[in-house]
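Listed below are the residues making up each chain.
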Amino acid sequence: MRQLVTVSCVLLLAVSGFAQEDSSQPRPFVEIAEQDVKPSVQAIAPIDDTNVFFLNKRGQAGVAKFSPGLSLIGWELYSKVKLNSLNSLGMGPNYSLVTASPIEITQAFDTAGDGSLDFFQGLVRDWQGRDNGVRITAGPVADSNGRLLFALSPFSIEEGQPPLARLVAWHPDSEGLQTVTESQLLISSFSVGPDSLLAARLSMPAYTEGYYISLTGLPSFLADSPDAVPDPLPKTLPSLLIPAELTGGKEPTQMCFFGENNQTKLVLTCPESNQLIEIVPEKSGSQWQGAILLRSQTPSSIESVVEMNSGLLLGGGPDGFFPLEIPAEAFRIESVNIAKDGIVLNFSEEVDRFQGVKPDSYTVKAVSLRGDNKTLMVEPVIESDGKTVILKTSEIGKGVVLRVVCQNLPSADGDALFNKTVFYTIHES
Amino acid sequence: MISKRYGTILCMLSMSVLSQLYVSAQGDTPKAPEAVSSHSVPLVLDISRRSLKNFLQDEAALERYLRPDGSLKDLEDAFTIGAVRGRYALIWDATACRLVGVVDVKPPSEERPGAPPGANPEPSSPYVLLAEGYPPLSGSLGTFGHPGYFGFRLIDGLPEFLYTHGGLQVEERLWLEGDGSVLKQRFAIRSPENPFLLHFPASWKQRIVETSAGKWNGETLSVPLENAEEVIITYRLADEPAPEETN
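Chain order of the listed sequences is A and B. When we follow numbering that gives the first Met the number 0, the leftmost residue of the first sequence carries the number 0, and every step to the right adds one. When we follow numbering that gives the first Met the number 0, the leftmost residue of the second sequence carries the number 0, and every step to the right adds one.
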């Protein structure tokens, strides 16, 4: 039994005189003035290349305008009502906004068309276990099928079954909420990328050496049978472990997919250590694996990050908005891949060839999923472009996390390497 | 010195709630709050949605918050509404769909500037109004079951809560007037087919100074069909000053 609830509010909307009237009148623009005060940003939803909605730390919605290079031009509140919102913001039709508190999915409208939200509908307020403390833990996130996804805290559908956290979907044509995935661990944040790839942060507070991320391909959604239950129902299992040493020991919180160099990547914010983590997912058989890198150190704490339509990343935090571009001059590992004969590292600049060919410039360890720890002998080979180093080895196995440290590798110009340590997870299958 | 009682309410509401109600947005609001209006005009209200500790005491009022295992839920779905720099905070809860309390957040020590240092002010309840009994429309023709929250909207900056109670579609608007010590509560039934009843606790009735329509029978206001689309209740939140002693 996967259909959890009947969303009475939605039915009510259809019959109720409360429902806001659909206005075909042209909307006025929100007038944005230059502000000396920076907004404290908790969540961002892009509108287009240069405009975003956001939530501030008080739960108020705002709208901000940027230059094409993402310099902030100005911002204005879109609502002064302080919502008890989680750190996620979705956009609905006609510039409506969708937020979640632990006990409600709320859709807010500007029915007067005056550039201010004035109607706040409790869109979803009923699900199994709500009276027993089951709460929304993450979301809402709108997917490409017009569904709203959000996560519920663990609960048992039937007595005696183990409690499972669930990612559920609301669709206007559905009779109830549909379970999309189940997880043994609480989902504290998630994002949906191209091809319905779900990335979910799985909470395991007692484990302090790393942070679990699940990558799951979501089943396709059939618009003409929105209540169809996927069979089998995908499980959201840990796919990758972000080592605490990469995050400064601080928890990654929000995440978003983005495209770069024709690759789909995932960026995660660590607001307590001002670090951004990059994951490059790769599908191997039925499982997702991939590389984990430190992407950048931000000048200020970043709570939320989004990819703008232009492809640029925009971050926001207590000190306002920041374009999250990587300095062109930064010498860094841009990617790590596994080849038949070894580990391929791509650098942003040419490496120092003298140091680059020395095996002791690198330390490569393979940590098995059972906890065994093995140092791999490698033979570095620098490709003709000077930016690619292959650490040749025949010892790479399956079911391991590779930890690669380039402890003594400056660029050809003598610059120090920004991110000396990268990780790569290889699953068994 | 804040009394024990006020310490309790501070814990209940949490300092953040109080500070957000009465301190205008710090560094994160582009415009200064609008000026407080004159007497008969509604005040500019600060509206927040948050989770509060359950402070209700009445058994019937608490019924809606009982979990199946008998434990009590907090007011997780509460709206706090207050005038900027005002003295009273209104708390409307979407779980019960009712005004559950009005809190006087001004510590009593501030009321008695002449009191000697260290003097303990008289402990008194910070709740000017506290929900008792069942929701006010219970007992009206067409009501059954629990009220169901739909949403809220802003009418000229004033919050209006929308809910159903049985077959009734209810709009309940709240605002403050004067110096913030006059509470107005407007009930409206959409497409009414019958008169309706509003029942108030006795302690609330004592503070009601005016109703725009209806006839009282004890603590129950009977609103005729012709007024069912709008009835406004006016409460005096501040205590009347004690009569001066005369020689």
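If you are wondering where the hints come from, they were derived from the structure by calculation, not from laboratory data. One should not assume that every hint holds.
[Claimed, not checked] Under the rule of at most 30 angstroms between Cα atoms (straight-line distance), these lysine-lysine pairs were calculated in the DSSO-like manner: (1) A:LYS364 <-> A:LYS282; (2) B:LYS52 <-> A:LYS56; (3) A:LYS56 <-> A:LYS37; (4) A:LYS364 <-> A:LYS249; (5) B:LYS105 <-> B:LYS72; (6) A:LYS56 <-> B:LYS72; (7) A:LYS56 <-> B:LYS105; (8) A:LYS386 <-> A:LYS364; (9) A:LYS386 <-> A:LYS357.
Checked hints:
1. A:LYS364 <-> A:LYS282: holds, 22 angstroms
2. B:LYS52 <-> A:LYS56: With Cα atoms ~21 angstroms apart, LYS52 (chain B) and LYS56 (chain A) stay inside 30 angstroms; holds.
3. A:LYS56 <-> A:LYS37: Answer holds: LYS56 (chain A) to LYS37 (chain A) is near 12 angstroms, not above 30 angstroms.
4. A:LYS364 <-> A:LYS249: holds, 23 angstroms
5. B:LYS105 <-> B:LYS72: holds, 27 angstroms
6. A:LYS56 <-> B:LYS72: holds, 26 angstroms
7. A:LYS56 <-> B:LYS105: holds, 26 angstroms
8. A:LYS386 <-> A:LYS364: holds, 22 angstroms
9. A:LYS386 <-> A:LYS357: holds, 15 angstroms
Violated hints are absent here; each numbered hint is respected by the structure.
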